[in-house]
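Just need the whole structure built from these sequences, with the hints factored in.
Number of protein chains: 2
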Amino acid sequence: MSRISALGERELIRRVGRWVGKSRSVIRGIGDDCAVLPGPSGKHLLFASDMLIQGVHFTDKIDPAAVGWKALAVNVSDAAAMGGIPLYAVVSLGLPPSTPVAFVENLYRGLRRCAARFGVRIVGGDTDRSPKIVIDVAILGEVEKSRVVYRSGARSGDQLFVTGRLGGSLRSGRHLRFVPRVREARLLGARWRIHAMIDLSDGLAVDLDRICEASGVSARIAAADLPRHGGCSLTQALADGEDFELLIAVPRREAKALAAWGKKNLRCGLTRIGEILPRRAGERVQLMAPSGRRLPLPREGFRHF
Amino acid sequence: MSRISALGERELIRRVGRWVGKSRSVIRGIGDDCAVLPGPSGKHLLFASDMLIQGVHFTDKIDPAAVGWKALAVNVSDAAAMGGIPLYAVVSLGLPPSTPVAFVENLYRGLRRCAARFGVRIVGGDTDRSPKIVIDVAILGEVEKSRVVYRSGARSGDQLFVTGRLGGSLRSGRHLRFVPRVREARLLGARWRIHAMIDLSDGLAVDLDRICEASGVSARIAAADLPRHGGCSLTQALADGEDFELLIAVPRREAKALAAWGKKNLRCGLTRIGEILPRRAGERVQLMAPSGRRLPLPREGFRHF
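Chains as they are written, first to last, in the numbering used here: chain G, 280 to 584; chain B, 280 to 584.
No lab work stands behind these hints, which were simulated from the structure alone. Just so you know, not all the hints are guaranteed correct.
Any copy, or any two copies together, can satisfy a pair, since identical chains are not distinguished.
EDC-like mimics (lysine to aspartate or glutamate), calculated; alpha carbons at most 20 angstroms apart, straight line [what the hints assert, rightly or not]:
1) 411 - 384
2) 301 - 384
3) 340 - 533
4) 411 - 342
5) 411 - 339
6) 543 - 339
7) 301 - 290
8) 543 - 288
9) 411 - 533
10) 542 - 290
11) 301 - 339
12) 322 - 384
13) 411 - 504
14) 340 - 288
15) 424 - 290
Since this is a predicted model, take the numbers as computed values, not measurements.
Given below as structure tokens:
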């Protein structure tokens, strides 16, 4: 009997996409950071959800306000990755009956803090008994039709950039207090032509492969160019995951000007890390040493199953 | 230390409403079946979520397709209870790694069957490792501004009607295959003035009390008039919960014509069960015996914590 653990998350999502099928009234369904739906004039709606589970995504010892912040922030990051802004959220909460009321109040303190920072209104949800704490947030956002960005738009020759620095998010606790790159995505989208974008949740190696798969291309990145957090190895920068930085592909002719603009306008930094190449057989993402030699690509990332 | 079990679900939701606060851009936030948000011209958006958890809402032995059906149907029912229609859903799924792929495929079969029946498009979601199976569905729907119905609109003198029959939903397995009353709610809304509406998830006694609390009124129902499923006691009809029938309050002057219309147009049945009274001290819902004597009101319903 085939089990989910043998399938892995990506294959599971592929199958879910097949099981669910396509619909003409849906602009983009399963397979991007958010679903894209018909919206009011000139806009698309963005719709997504992300679940955090006690013992998998956080432990009992963690400040519940940090869990609340993260539960909303991962969804806000999904809206940012489409080029849009988050608007409304509903929160489903599974709680053991023995949960202290103060825990839930603090969880909501974190949710509210994140909501206030990004202009999100928490408008509803569900509460239920559960053996473990489960928090699932669904988000509704919007994006101008002219500014929506998918994973699937990367073309050969595009240059790859990443915001901020990578690696060590779980170990350092950054995964609980990261600031979704909404402002950066909006600034980028207002000024530059972005072909493809994704937020780095499972590690650069995996998430860049997602862009390549969706776009039908391959990519080459330079090991020496990856912006790493202090004390992080190359492997950690590629595979730790939970960075929630933006990975973007832009036309080659804009790359130089974008790099200069980024230096001036994005305090978090914007680093050119490689380029998009034509579709190729074998590994879609190639990691290059300064010597020009190819390096093995660590792929572990966050293991969903 | 105060715990959730001592607080109960209704008080928890009240507190969540206070913690989250209000916002002018939200038409209706926490405290109804769906949040109501500004929509495209002439319409409001409806946004809600509902979570099912293994061991709490279903057991291992249950057909996963039935769980999938129910997970979406409870959300569809929330849209119906606002007078609207469901449009899109995202599905967050927590799964033990040992879950057979066939289980998930069957779960999606049930989701898809419900989606097809009600014209809902499943457009995304999340999959995660979890010690127990968790399925949280968020739904996006719409309703004409002129036809949205809240829990809070009941007025003294309104007559109370309920669709279908009540009681025994869990015991009979009906809770896994119930058909949300979207069609009935739409037919009613097109033809009749509905002051208040709710779907019966926690039992008539509890859910009628919710209408009374939200509307600032009380209510009297006639024990002899409650439409019960075969073999169900009065207590079961009042307190079993998970009926997912509609409870509605309509102006007194329309009640007679509505009853006649219901007989002709609603195959599930539409039964007049009581009336709305002014706000009063003490119990908001009074249950009357044919003798005119007041009966004690069983209130247990589905216990969330």
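Do the hints match the structure? See the list:
Proximity of residue 411 to residue 384 under the C-alpha cut-off of 20 angstroms is restricted to the intra-copy arrangement: shortest distance 17 angstroms within a copy versus 25 angstroms between copies. Within a single copy, residue 301 and residue 384 get their C-alpha atoms only as close as 40 angstroms, which misses the 20 angstroms cut-off; across copies the closest is 17 angstroms, which meets it. In the homo-oligomer, the alpha carbons of residue 340 and residue 533 never lie at most 20 angstroms apart, since the shortest distance is 46 angstroms inside one protomer and 58 angstroms across protomers. When the C-alpha separation of residue 411 and residue 342 is checked against a cutoff of 20 angstroms, the pair qualifies only within one copy, where the shortest distance is 16 angstroms, while the shortest distance between copies is 23 angstroms.
For a Cα distance limit of 20 angstroms, the shortest separation of residue 411 from residue 339 qualifies both inside one copy, at 10 angstroms, and across copies, at 17 angstroms. Proximity of residue 543 and residue 339 under a CA criterion of 20 angstroms is satisfied in neither setting, with 41 angstroms inside one chain copy and 57 angstroms between copies. For a Cα distance limit of 20 angstroms, the shortest separation of residue 301 from residue 290 inside one copy, 17 angstroms, qualifies, whereas the shortest one across copies, 41 angstroms, does not. For a Cα distance limit of 20 angstroms, the shortest separation of residue 543 from residue 288 qualifies neither inside one copy, at 38 angstroms, nor across copies, at 51 angstroms.
Taking the closest pair of Cα atoms, residue 411 and residue 533 never come within 20 angstroms of each other, the shortest separation being 49 angstroms inside a single copy and 49 angstroms across copies. Neither within a single protomer nor between protomers do residue 542 and residue 290 lie at most 20 angstroms apart by alpha-carbon distance, with minima of 38 angstroms and 50 angstroms respectively. Proximity of residue 301 and residue 339 under a CA criterion of 20 angstroms is satisfied in neither setting, with 40 angstroms inside one chain copy and 30 angstroms between copies. When the C-alpha separation of residue 322 and residue 384 is checked against a cutoff of 20 angstroms, the pair qualifies neither within a copy, at 35 angstroms, nor between copies, at 34 angstroms.
Proximity of residue 411 and residue 504 under a CA criterion of 20 angstroms is satisfied in neither setting, with 41 angstroms inside one chain copy and 42 angstroms between copies. In this assembly of identical chains, the alpha carbons of residue 340 and residue 288 never lie at most 20 angstroms apart, being 27 angstroms within a copy and 25 angstroms across copies at closest. When the C-alpha separation of residue 424 and residue 290 is checked against a cutoff of 20 angstroms, the pair qualifies neither within a copy, at 30 angstroms, nor between copies, at 42 angstroms.
Going through the hint list in order, the structure does not satisfy hints 3, 6, 8, 9, 10, 11, 12, 13, 14 and 15.
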